[in-house]
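Peer 1: Residues per chain, in single letters:
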Amino acid sequence: MAEYSALSLLRNALSGNKDWKPAWRKPAPKASYDVVIIGGGGHGLSTAYYLAKEYGITNVAVVEKGYLGSGNVGRNTTAVRSNYLLPPNTRFYEHSMKLWENLSHDLNYNVMFSQRGVLNLAHTPAQLDDYARRGNSMRHQGVDAELMSVAEIKRLMPSIDVSASARFPILGGLMQPRAGTARHDAVAWGYARGADRRGVDILENCEVTGFLRDGDRVTGVVTSRGEIRAKKVALAAAGSTGRVMQLAGIDRLPIESHVLQAFVSESLKPFLDTVVTFGMGHFYMGQSDKGGLIYGGDLDGYNSYAQRGNLPIVEEVMAEMLALFPSLASVRMLRSWAGVCDMSMDGSPIITTGPLPGMYLNCGWCYGGFKATPASGFCFAHTIARDEPHELNAAFTLDRFYRGAVIDEKGQGATPRLH
Amino acid sequence: MSPRRNETGGQIDRLKTIRFTFDGVPYTGHAGDTLASALLASGVTLMGRSFKYHRPRGVLSAGVDEPNALVTVLRGTAREPNIPATAIEIYDGLRAESQNRFPSLNWDVGAVNQLASKVIGAGFYYKTFMGPVIGPLQGTRFWMFCEHFIRRAAGLGRAGTVADDARYERMNAFCDVLVVGSGPAGLMAAKSAADSGARVILAELDPRFGGSANWSGETIDGARIADWASEIVNALKGRKNVRLLPRTAVWGYYDGNTLAALERVSDHKETAARGEPRHRHWTIRSKSVVLATGALERPLVFPGNDRPGVMLAGAAQRYTNQFGVIPGEKITLFTNNDTAYQAAASLKKAGANVATIVDVRIDISDQARALAASAGAELIAGHAVCETDGGKALSGIRIQRLDRASGTLTGEPRSIQSDCLLVSGGWSPVLHLASQAGAKPEWDEKLQAFLPPKPTQNWSGAGAFTGRLATADAILEGHAAGIAAAGGNARLMEKPAVEPASVNPEPAPVFEIKAKGKSFVDFQHDVTADDVRLAHREGFISVEHLKRYTTLGMATDQGKSSNVPGLAIMAEALGKPIPEVGTTRFRPPYTAVSIGSLAAERYGDLKPERLTPMHDWHLAQGATMYSAGLWFRPMIYGHAGETVEQAYVREAKAVRETAGIVDVSTLGKIAVQGPDAAELLDRVYTNIFSTLPVGKARYGLMLREDGLAFDDGTTWRLGQDDFLMTTTTANAGKVMQHLEYFLDVIWPELKVTVTSVTDEWAGAAIGGPKAREILAACVEDTAVDNAALPFMGIVHGKIADVPVMICRLSFSGEMAFEVYCGAGHGTHVWQALIDAGKPFGLVPYGLEALGTLRIEKGHVTGAEIDGRTTARDLHLDWMLSKKKPFIGSAMMDREGLIAADRLQLVGIVALDNRPLNGGAHIVEELDEENPHGSIGHITACCYAPALGKYIALALVQGGKGRRGTRAYVSDPLRKRFGPVQIVSHHFFDPEGTRMHG
Amino acid sequence: MVERLSPLEPVYRSGSHGRFEDGVGVILSETRPGSIVQVASWPGEEARAIAAIRKVTGLGLPDGAGGGVVDGEKAAFGFAPGKFTVVDETEGVAAALAKAITPTIGTVTDLSHGRTAIRIEGPEAEWVLAKFFAIDFALTAFPVGAARSTTHHDVFAQIQRTGGDRFDIYVFRSFARSFWKALGHAAEEVGFEVA
Amino acid sequence: MLLTCPYCGPRDVSEFTYQGDGNRQRPAPEAQDLQAWNEYVYDRHNPAGDHNEVWQHSGGCRSHIRVTRNTMTHSVSSAVPARGDVHHRATERRKPGAKA
Ligand SMILES: Cc1cc2nc3c(=O)[nH]c(=O)nc-3n(C[C@H](O)[C@H](O)[C@H](O)COP(=O)(O)OP(=O)(O)OC[C@H]3O[C@@H](n4cnc5c(N)ncnc54)[C@H](O)[C@@H]3O)c2cc1C
Ligand SMILES: NC(=O)c1ccc[n+]([C@@H]2O[C@H](COP(=O)([O-])OP(=O)(O)OC[C@H]3O[C@@H](n4cnc5c(N)ncnc54)[C@H](O)[C@@H]3O)[C@@H](O)[C@H]2O)c1
Ligand SMILES: Cc1cc2nc3c(=O)[nH]c(=O)nc-3n(C[C@H](O)[C@H](O)[C@H](O)COP(=O)(O)O)c2cc1C
Ligand SMILES: [Zn+2]
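For the record, the sequence lines run as chains A, B, C and D.
Numbering (the numbering used here) for the first sequence: 122 to 540.
Numbering (the numbering used here) for the second sequence: 153 to 1149.
Numbering (the numbering used here) for the third sequence: 7 to 201.
Numbering (the numbering used here) for the fourth sequence: 956 to 1055.
Next comes chain A alone, as it looks inside the complex (with noise of 0.2 angstroms):
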């Protein structure tokens, strides 16, 4: 299949752009495969094109319930960083910043990731304390980070309210430069092109209803496309999780299922460049290229697989936007949305083998995962191919719980809805 290149869209357009070839293919499922992916999202195809790339396995399919990135991959806010406090997150999610620093040439596909920031707002001495720690944590492990003050903040984002009479007056920020966003779809998009062009089968429209067992070892899986036969099978299904995994008779894992909202403004010219968090709430915003505010806040708080969520929130978030931007009082919310969340204890996630023989899992991503996807793949590949996590990923296991080796950023133990 063809690069993409300005080139070849110069080409195209001379031949009335004709000769375009689809992304991806659109195979029919073979009786059996080395390895299913269970899920369509981000990390099933960015796992499923590291398969293929870094490991040979391209015996490979993706099997996906609806169409291509119909998960959280298709509506998450985009906002990629690594800006963690405990090391075994910092350590990966860094790892992941490196290969989307160079993921649009690695995919031949522009996942458009745009390096312009991401500043986390503090409102007391304590919380800017918090910060320190975690920026200085970051330094300390090699990542990029900064603390801003008022006024630069202020140069950054001129519409920002930096008053001292706000409730919550800002008083500095933690930065991380290298942060960004990245094209949501786009990723989906050029993974799946990727695992595509090399080799890898995906199924859209194929719903895992079952899986087929030998004793407790799984061998494959039953789709609402017929049964699939595999070696190996891997899930990656997010909010979807604890769904198919009672497929294979788990009905309790330390998960919950939450649902997140997430809006749009309408068209805007420039008027944030970076991504930037509210710290005394749950508020955070960037542009995307099309000019819309891309936001969100908090989860809805309960358990949910219904990807849409209710009115609180969605006030609750436009309190909080207009607290540090109150010149967006008079523009207006275009589309709202939702994802469900897989919320895992800790907040952290969890990529391991089993919890079945034949089993993979990779899941808890909570409403952080996007950013996850390169590594998260890179990963996973790694613990399906060698049948033992990578070291990036050896701290996500499922017994950290049981351990007491959690991995908790924000300390809130084990209530999901606070992570």
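A portion of the hints provided could be inaccurate.
Listed below are the simulated BS3-like cross-link pairs for lysine-lysine, each with C-alpha atoms no more than 25 angstroms apart in a straight line [to be verified]:
| no. | chain 1 | residue 1 | chain 2 | residue 2 |
| --- | --- | --- | --- | --- |
| 1 | B | K728 | A | K142 |
| 2 | B | K950 | C | K105 |
| 3 | B | K666 | B | K270 |
| 4 | B | K392 | B | K439 |
| 5 | B | K759 | A | K531 |
| 6 | A | K275 | B | K759 |
| 7 | B | K544 | B | K668 |
| 8 | A | K139 | B | K270 |
Since the hints were made in silico from the structure, they are not lab data.
Dock chains B, C and D with the ligands against the given chain A, drawing on the hints supplied.
Peer 2: Chains B, C and D with the ligands only, in chain A's frame:
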């Protein structure tokens, strides 16, 4: 196009002239006009530029479905971008600006983008801008360089930078029946529901009730239908059980029949009345809902269909009949259905010249023929428009014979001169609200439209919404729906006589005329029919992929006019029927809503302020306040010219040397009462409380179920069954919920009441060598000496005639007391203490000094109990009772929680005698260039006047074992590096002799 | 007796405010009762608690959730399962109740300082309150005497309807000033008077 | 979304705090079975469909309720006091002050 205002007709007030400006040019209109109708009446037809190609655009519709004519409204310094001119009521002084053009709407350099349209079609940016693989522009640089320009070219209007001073408000409403939409169907539904005695709310997004009755030009039982509508509205107005909400768009249908609506209260006024909000955000909880939201007309897709002068037929009818504006001099009409003929006849009746009707169908109904004849229009059947002429305004069209079977055009194109082309591609019911909950709409082959899904909540539908486009049917259906929604059983009404007779609205299944040239599907986002086919070719064939790849339907109008044509073109490319292709998901809001309205009363007032009883005193004493959660607490009481450090050092010193007093009213206080109160405390605290004598207090530690430290505080036994628990300020609410949860869910057998009494008590902590003397000087009815008031003892007495409760406990490490009194007496008692302390040098101190004193003592707070530490990490293992289980006891010994390399509490002393920073890390080897090897971090730091050093508390790996060793602070963020000594966290008076004193 | 200081004091401005030219929509006031007391009864002891309240205050509480009674400046209402608020113009009612409510019946908690009582009355009282609380204030849904526990964002409130167009609102003292300001702000539209 | 508090009636979801999976069984306080504790503290039922969950009416009467709610549709089919009918039962109570 040269539109003009009619002499008579319409629902505008010709006696009221209104002055406004558009792009700085003054215009006039009449009361009742929209910006679009007033501009049209003034001959202005160019109103906007499209998103990508900057194509000149006129007005397509007359309502919220408008994709083209978007403007920015300026109010004072506030800017309101992207508002459809069709939805703006003009008022004197209105200032509107066109958008997305430079330097002007007429001459826009962005229009050069059209030249590159072949290259910059759907999804082009995914294929390019990746830049070189090596060199200075590798990685993301090249893309970011290009992106900079792309971002500036994209976007529509510009947001303001200063707060608008408008008021936004929330309103909660409850009713039996909410009727959405006030066309003939909705009006009847509201009336019949109200007649049945139900509490009714009728919401209409337009300023005027009546919907299509305002412009259909029909009569009902001989009367003008607009008058019929006004009569019903007037009757409803006077009724107690009815609330009429004009200018109110119901935009969200949430769970539990909770609907969200936006009322534009004063947008149509030059200035809002005093106290009047600009927008009111309604949350309506209704037992049942009648959706009567009508239907929207769809355009047809053909080359040049976006030229200013091309307009929906129904919109033209509306401009003519409601606003008295005839949209052109020589009008052509292009349709695939009969409803447009009604528009033609209606326009003719108002004096317009409808010269030609072009219909894609060959078989034209008699009714349509008759209407065409009455319109005096030439009817050209079996033809289609294949191109439009003109620059920024339509001058003519070209038509060709259409072979519907093959979709091809044949014969020589015929040119028709025309300045206004009306199009009608059929009608789509407004089923957005019905499907927001996720139900899939169903395709109706006859109407060639999606119909509402089966209700997932308690609603019913009526009128054009359900596909009943005939007015008489809509009225009947509305009537029945209203009664049913109210749970009434009134008799059904007789079918009214509506003239002219309704036509059959079923269109021919023609969506696109394929010919050379750009045929727009999504006008605003410049998505063409070719873009849809490109998406198909590249495999983006799911409607959701189509949408995301081309951005079809993602503009401000959310594809109200473009979705169905777009997916019809995709269906054709796929060779699949439309229902198999489906439609994209509907999401709130139905129409864009101001962010201010959603923030409502929290705009400018995000959170309430929580004030202690002595708040005003602190302010009067010049305290700098610190916001702690919702509370405000004094940080320092600075003297003139003092730095923060000087102030807190002075205050802390005073506590050690004489005495200080601090407001502790914010501490969480929970009354724990009942026969099982002590038992409850034994279960939730790690240590034992049942053995605590009445009149004594004890320090307690709580863990979470997972065994990590949760909160600490003292609990006072005031009576056998009566405890007063104190918590940290930050955790007060959490601890309360924790106790309530266990009492309700886990231990319902315990007879304990827990009540938040944080606000009942004002608290002052007074400490220092002179504290007891000061107390003795002002307390009555009790002694405060060691015998009467030993460490952790409690006494009751009076200060300045007010009953107080005093407990001798110490956070500062000094001889100290907490004095509690009723909050209403707080300032009174506080002032009495201050007065009594004056001779002794008593000093009020704030949080900074409080922090300093506790750091010197090594007491922990939220900075150390951060949800990741255990009791052992904090050297509080002595508090873990072995005699009883308690919350967290089973989980606290898991291997990960007792590991040797855990972060443990230590003290830190700066060896370079320079200030330390919170959040600085500790390392064994200093490397300023490449900091690495963190072994922990500082949680709190200060200058310790008691030691004359900069000290800190820190959490350090294997901390205890490192006492006495040297390490370094490494704080690259603030470039502070230097040697430190790791010591015990008990810096000062570790034996506690001062407080036991 | 030392007079209690109201948290509203610096912001309590008697007189007419907002758009009052066309009439006053609501009257706002602080009622400053002497006693605000919480009575909580153990499961099954509700009747005895109700009897004790009647004995001490003369107020006869009806059975059932959220039921209440008003008598002049005295009032009582249920606000949670087995829990009641008793309000009296005189101070010291908590002590009297504590004698009547033995530990076998339940507990008594004095909240006289901890809660601030704000009254809103007038033809627009329901309208103004509806701006704050997601409660149906219509007389049919919320009869005289009845009470509701609810919140406006962070501000917890117990609301009793003490008249056809009169409501008494009990909020935490620390939030009272903020709430009062917000209430005044919301009432500007209809014109209000501070009594 | 509305939840019907058995005491206060139907109220907006914003008045409630979610307390999660209602099937969790707290082991006896003395129990040493770490596996049981681990399941209680960390493992959750997470069904697609009816979910048995606990909510607190924290913005109202503050009592806890057991709710059966469908996680696909958000429709609530039952909401009862978490204390069961304890509050209406006069008999079978322990002596005041007795230890559990
Ligand atoms: C509103 C929102 C905002 C977010 N913002 C950010 C952000 O700013 N930054 C960030 O880093 N992260 C963010 N996230 C989180 C991030 O989107 C997710 O963590 C991440 O996308 C999850 O991985 P995924 O892409 O593989 O998941 P998904 O895209 O959800 O993929 C899972 C796929 O599995 C499929 N599937 C499920 N069940 C079956 C079955 N039975 N058979 C077959 N297929 C099945 C689903 O259809 C789905 O496509 C956000 C999430 C949401 C909801
Ligand atoms: N020419 C035709 O055949 C044709 C086509 C379409 C409609 N109609 C008309 O349809 C009418 C049927 O009456 P009807 O009452 O069903 O429709 P209607 O179009 O008369 O009224 C619908 C009303 O609902 C309002 N509305 C829509 N969405 C809303 C929302 N979210 N919130 C608040 N208001 C909203 C609209 O502003 C409009 O006033 C007939 O009178 C007929 O004239 C006719
Ligand atoms: C980063 C981002 C930007 C978006 N921008 C827009 C937009 O400009 N216009 C729009 O209509 N929707 C936009 N959406 C929302 C999508 O239309 C859609 O609602 C979302 O992807 C979820 O899919 P669903 O609504 O089909 O469930 C955006 C979504 C994301 C994640
Ligand atoms: Zn309740």
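Peer 1: The structure should be examined with respect to each hint, and the outcome stated for every one.
Peer 2: Tested hints:
1. B:K728 x A:K142: Holds. K728 of chain B to K142 of chain A sits at ~20 angstroms (cutoff 25 angstroms).
2. B:K950 x C:K105: Since the Cα atoms of K950 of chain B and K105 of chain C sit roughly 23 angstroms apart, the hinted pair holds (cutoff 25 angstroms).
3. B:K666 x B:K270: This hinted pair holds, its Cα atoms lying about 17 angstroms apart.
4. B:K392 x B:K439: 18 angstroms, holds
5. B:K759 x A:K531: Distance ~23 angstroms between K759 of chain B and K531 of chain A Cα, so the pair holds.
6. A:K275 x B:K759: This hinted pair holds, its Cα atoms lying about 23 angstroms apart.
7. B:K544 x B:K668: It holds: about 20 angstroms lies between the C-alpha atoms, which stays within 25 angstroms.
8. A:K139 x B:K270: Since the Cα atoms of K139 of chain A and K270 of chain B sit roughly 11 angstroms apart, the hinted pair holds (cutoff 25 angstroms).
Figure legend: structure checked against the earlier numbered hints; every hint is met.
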